[in-house]
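Student: Start from the sequences, fold in the hints, and give me the full structure.
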Amino acid sequence: MVGSAILRALAAAGGRELIAPTREELDLLDQGAVFRFLAATRPRCVIAAAARVGGIHANDTRRAEFLYENLAIAANLIHGAHQAGVPRLLFLGSSCAYPRDCPQPIREEYLLTGPLEPTNEAYAVAKIAGIRLCDAYRHQHGRDYFSVMPTNLYGPGDNYDPESSHVMAALIRKTAEAVRGGRDEIVVWGSGAPRREFLHVDDLARACLFLLDRSPSSRPALTNVGYGEDITIRELAQLIGESAGFRGTLRFDASRPDGTPRKLLDSGRIRALGWSPLVGLREGIRRSLGEYLRGGADD
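To convert, note that position 285 of the sequence shown is 294 in my numbering; the numbers rise steadily by one, no gaps.
Think of the hints as simulated: they come from the structure by calculation, not from any bench. A virtual CB, placed ideally from N, CA and C, is assigned to each residue, including glycine. Be aware that a few hints might be false.
[Unchecked claim] Beta-carbon label-pair distances, calculated as ranges:
| no. | residue 1 | residue 2 | range |
| --- | --- | --- | --- |
| 1 | Ala49 | Arg303 | 32 to 40 Å |
| 2 | Pro165 | Ser200 | 43 to 51 Å |
| 3 | Pro30 | Thr258 | 23 to 31 Å |
| 4 | Thr50 | Thr258 | 16 to 24 Å |
| 5 | Gly289 | Arg32 | 14 to 22 Å |
| 6 | Glu292 | Pro127 | 45 to 53 Å |
| 7 | Gly123 | Thr31 | 45 to 53 Å |
| 8 | Glu118 | Gly23 | 34 to 42 Å |
Tutor: Rendered as structure tokens:
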């Protein structure tokens, strides 16, 4: 989802030669293959958007896979870029890398100040390692390697699988299927009380290009990118229901985990530089629902 959005934004901006191998063409878990690819292509910039991702259930039940694969991807790309002499690299972190009980809104300096949320700790540890690896190459070798910390994302290319999707995609699928099937109830995981912030992936792509186009001296080493407002999961489910024309009831399954109580990023650093999101939440939900109904579940 993220990589595709960044490619669309780069293509629209023009003026750059884009190198974007598929996973069949380049296995990012294969260190030798990654090193050889970067040495052969010698790009001016690497955008490390690839990751093993999933929702709360996938994170919690596939911890070894999430930790190993994301550590390997980060290490192979960042060290491989350094070996190939790549001067600039953007690494995509994740807001789940922040401590579970952070003060809100979450500022960049809160990283590593407290325990992580257990249900996504493996993924968070791998992302923290990537962020710190960028820091290390910047300080030791003078590389312009920096990290972007996005909030919860949604949009074209999202994963709608019922077992591994994130909350936005999961609720869009459940709601659309309930409407199509004439059902009058939707089951929502958890209590509905946790608060989340949602950013359309096209806005994240714009933010990445915005930061890449700035000089290293005017760009933070770690930058939050968020929408600026959060809502409860209950409110999110209601918004999706309204957009889809669902007239039934929501039933909250408290036996399912809630995850972190609240995640709202402080995006003051990038907003002070002049960036702000363009896609409103209601509009983004409307677009995503339409994309799903047109076949998004097969992406």
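Student: Does each hint hold? Answer for all of them.
Tutor: Here's how the hints hold up against the structure:
1. Ala49 x Arg303: 32 to 40 Å: Because 38 Å falls inside the window, the suggested range holds.
2. Pro165 x Ser200: 43 to 51 Å: Violated: the Cβ-Cβ distance is about 30 Å, outside 43 to 51 Å.
3. Pro30 x Thr258: 23 to 31 Å: Roughly 47 Å apart at Cβ, these two residues miss the hinted range, so it is violated.
4. Thr50 x Thr258: 16 to 24 Å: Roughly 54 Å apart at Cβ, these two residues miss the hinted range, so it is violated.
5. Gly289 x Arg32: 14 to 22 Å: violated, 33 Å
6. Glu292 x Pro127: 45 to 53 Å: violated, 34 Å
7. Gly123 x Thr31: 45 to 53 Å: About 38 Å separates the Cβ atoms of Gly123 and Thr31, which means 45 to 53 Å is violated.
8. Glu118 x Gly23: 34 to 42 Å: With a Cβ separation near 36 Å, Glu118 and Gly23 satisfy 34 to 42 Å, so the hint holds.
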